[in-house]
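Number of protein chains: 2
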Amino acid sequence: MMKTSIVTGQQARLASRNGTHTTSTSGLAPGHLQANLIILPSRYANDFRTLCARNPVPCPLIAESAAKGCSDAVVSHIKNLVGDEILGRGSDLRRDAPRYMVYRDSKLEKSHCEDVTAEWTGDHIAFLIGCSYSFETALAEAGLAPRQLVQGRNVPMYRTTMGLCAAGVFRGGTYVVSMRPYRRRDVERVREVTRRFGAMHGEPVDWGWDAVGRLGIGDIDGPEWGDGPLDEEGRMGFGRAREERLLRGEVEDDGDEEVPVFWGCGVTPQEAVMRAGLEGVVMAHAPGHMLVLDARDEDIVE
Amino acid sequence: MMKTSIVTGQQARLASRNGTHTTSTSGLAPGHLQANLIILPSRYANDFRTLCARNPVPCPLIAESAAKGCSDAVVSHIKNLVGDEILGRGSDLRRDAPRYMVYRDSKLEKSHCEDVTAEWTGDHIAFLIGCSYSFETALAEAGLAPRQLVQGRNVPMYRTTMGLCAAGVFRGGTYVVSMRPYRRRDVERVREVTRRFGAMHGEPVDWGWDAVGRLGIGDIDGPEWGDGPLDEEGRMGFGRAREERLLRGEVEDDGDEEVPVFWGCGVTPQEAVMRAGLEGVVMAHAPGHMLVLDARDEDIVE
Numbered sequence: 001m002m003k004t005s006i007v008t009g010q011q012a013r014l015a016s017r018n019g020t021h022t023t024s025t026s027g028l029a030p031g032h033l034q035a036n037l038i039i040l041p042s043r044y045a046n047d048f049r050t051l052c053a054r055n056p057v058p059c060p061l062i063a064e065s066a067a068k069g070c071s072d073a074v075v076s077h078i079k080n081l082v083g084d085e086i087l088g089r090g091s092d093l094r095r096d097a098p099r100y101m102v103y104r105d106s107k108l109e110k111s112h113c114e115d116v117t118a119e120w121t122g123d124h125i126a127f128l129i130g131c132s133y134s135f136e137t138a139l140a141e142a143g144l145a146p147r148q149l150v151q152g153r154n155v156p157m158y159r160t161t162m163g164l165c166a167a168g169v170f171r172g173g174t175y176v177v178s179m180r181p182y183r184r185r186d187v188e189r190v191r192e193v194t195r196r197f198g199a200m201h202g203e204p205v206d207w208g209w210d211a212v213g214r215l216g217i218g219d220i221d222g223p224e225w226g227d228g229p230l231d232e233e234g235r236m237g238f239g240r241a242r243e244e245r246l247l248r249g250e251v252e253d254d255g256d257e258e259v260p261v262f263w264g265c266g267v268t269p270q271e272a273v274m275r276a277g278l279e280g281v282v283m284a285h286a287p288g289h290m291l292v293l294d295a296r297d298e299d300i301v302e
Numbered sequence: 001m002m003k004t005s006i007v008t009g010q011q012a013r014l015a016s017r018n019g020t021h022t023t024s025t026s027g028l029a030p031g032h033l034q035a036n037l038i039i040l041p042s043r044y045a046n047d048f049r050t051l052c053a054r055n056p057v058p059c060p061l062i063a064e065s066a067a068k069g070c071s072d073a074v075v076s077h078i079k080n081l082v083g084d085e086i087l088g089r090g091s092d093l094r095r096d097a098p099r100y101m102v103y104r105d106s107k108l109e110k111s112h113c114e115d116v117t118a119e120w121t122g123d124h125i126a127f128l129i130g131c132s133y134s135f136e137t138a139l140a141e142a143g144l145a146p147r148q149l150v151q152g153r154n155v156p157m158y159r160t161t162m163g164l165c166a167a168g169v170f171r172g173g174t175y176v177v178s179m180r181p182y183r184r185r186d187v188e189r190v191r192e193v194t195r196r197f198g199a200m201h202g203e204p205v206d207w208g209w210d211a212v213g214r215l216g217i218g219d220i221d222g223p224e225w226g227d228g229p230l231d232e233e234g235r236m237g238f239g240r241a242r243e244e245r246l247l248r249g250e251v252e253d254d255g256d257e258e259v260p261v262f263w264g265c266g267v268t269p270q271e272a273v274m275r276a277g278l279e280g281v282v283m284a285h286a287p288g289h290m291l292v293l294d295a296r297d298e299d300i301v302e
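Residue numbers (UniProt numbering), protein chains in the order written: chain A, 1 to 302; chain B, 1 to 302.
Hint data in this document are derived by calculation from the structure and do not stem from the laboratory.
Heads up, some of the hints might be wrong.
Calculated lysine to any residue pairs in the SDA-like style (CA-CA distance at most 25 Å, straight line) [unchecked claim]: (1) Lys79/A with Arg195/B; (2) Lys79/A with Gly83/B; (3) Lys79/B with Gly198/A.
These numbers come from a predicted model, not from an experiment.
Next comes chain A alone, as it looks inside the complex (with noise of 0.2 Å):
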């Protein structure tokens, strides 16, 4: 089935449960909330919703398994939605996102497979996170698309040294943020179409090259997750490019300059996760292949 074909979150959903769309779902179903998966025995549950209350920026909490061992069905943790309009009856969160990964006690065991049949049990619980795809429709729309996402590429994302609160078995964690670059005269703009995706991560939580420092990342260039960031014309790396231009000495004017613009991330709470070393089966979606639902962007806009 062509990506363009694919229009609502169930298409998407039967596309990947089929096998006939096996890649990323970045565009997939324009207009459509996408999720980031994670399956959890048990036990671990009450422990990760509290992380998820604690940290909503970077753990937007969408949706649950409607019970323990469920799979076909959702409740919502939205407020004006109930889960059968965040995913659809028939439904099956074992087979509905294009690939996952299988964790067993905190070691990966399969890597991009189709599904999680086998390793679903009554005891899991599944968990749907909120995703930065929405907001990045809306950036397009109000004349501030995302850069790799013109140049096909996907975001940067990185490891940072800014702490989650701790909740229950998950301590020591820290924020995963994405990145897109924008002129220092476009952020405020950028902040207001963005704020408005509250339950999507929202505004960004910190910008400029200080902020580099300030989340304790390395290397712009070299994002842990995702697509190195190039410059404008897409010939090196975002960070080099400006290495260049302050050898160079250039005056920069301040509104022009473009700078880092950081957003939470839904990789945080996986991450969280492993860190934590439960014990058991976990389940996730491969990164970039989201479950795509049939909640629409704007029934989460504030």
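Dock chain B against chain A, hints included.
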């Protein structure tokens, strides 16, 4: 009025209003919630709500003025509680805390004044933020009474380098944390007891001697607010006592050793407000001189 004769939130507020109670509200009306009070010009209200929503652990928003300029009724931000259950009719947010602070254009104008009736305008909105007095009662009942409570001192509070998520005009803020020492072997129980107070800072954000560095706290014996923490015998600083034990080469049993335990603190949003350089008149309760509510601890326990 004697402190011990004040057993309801309304009694505490009336005693504050008529000037018979003028000191810290610690221990007043046991079992009733107490709140940090922040009163802002209405144009900052949306950003402040977002700040609280994005940082619920240090900034747990309980309620706010029922409308712009309304000083005698609140709307609730707590599930299953309506405004009148939090703060009964007949209250007066301008007079019902024992002492207030007034800032004009971000500069302190009045310290520890009796009321803010002269400064309050039809454009002001009051915000009620959770306070850790609630879980201290629960800790004491579990046989884990916080030291400063036993010693009749104020809890020590520290500025940290742990970043808040930015929200509108509120940018670059950091957590303020409160600290209570506990034996290492008791930390898990302390976490369990306070975890249930999710709407009042909940479980600790960090703990252990390593946490002092992680949080960027310079001197554990020199808190920015409250009283310096003492050792068990009340003889010297909690941090200095440990240094002397280390110098004497005393090998400590891991479980017996006392470690600092840190919680998110309701001074955080005040600090964020001060840092934002707001224009106009901002008001707050004086530190420790809280607004006592009609809602009870058990109303918000999870």
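Could you grab the alpha-carbon distance between Lys79/B and Gly198/A and see if it respects the 25 Å cut-off? Since the Cα atoms of Lys79/B and Gly198/A sit roughly 19 Å apart, the hinted pair holds (cutoff 25 Å).
Between Lys79/A and Arg195/B, is the straight-line Cα distance small enough, at 25 Å or below? OK: Lys79/A and Arg195/B at ~24 Å, within 25 Å.
CA of Lys79/A to CA of Gly83/B, is that 25 Å or under? Within the cut-off at roughly 19 Å; holds.
When held up to the earlier numbered hints, the structure conflicts with none and fits them all.
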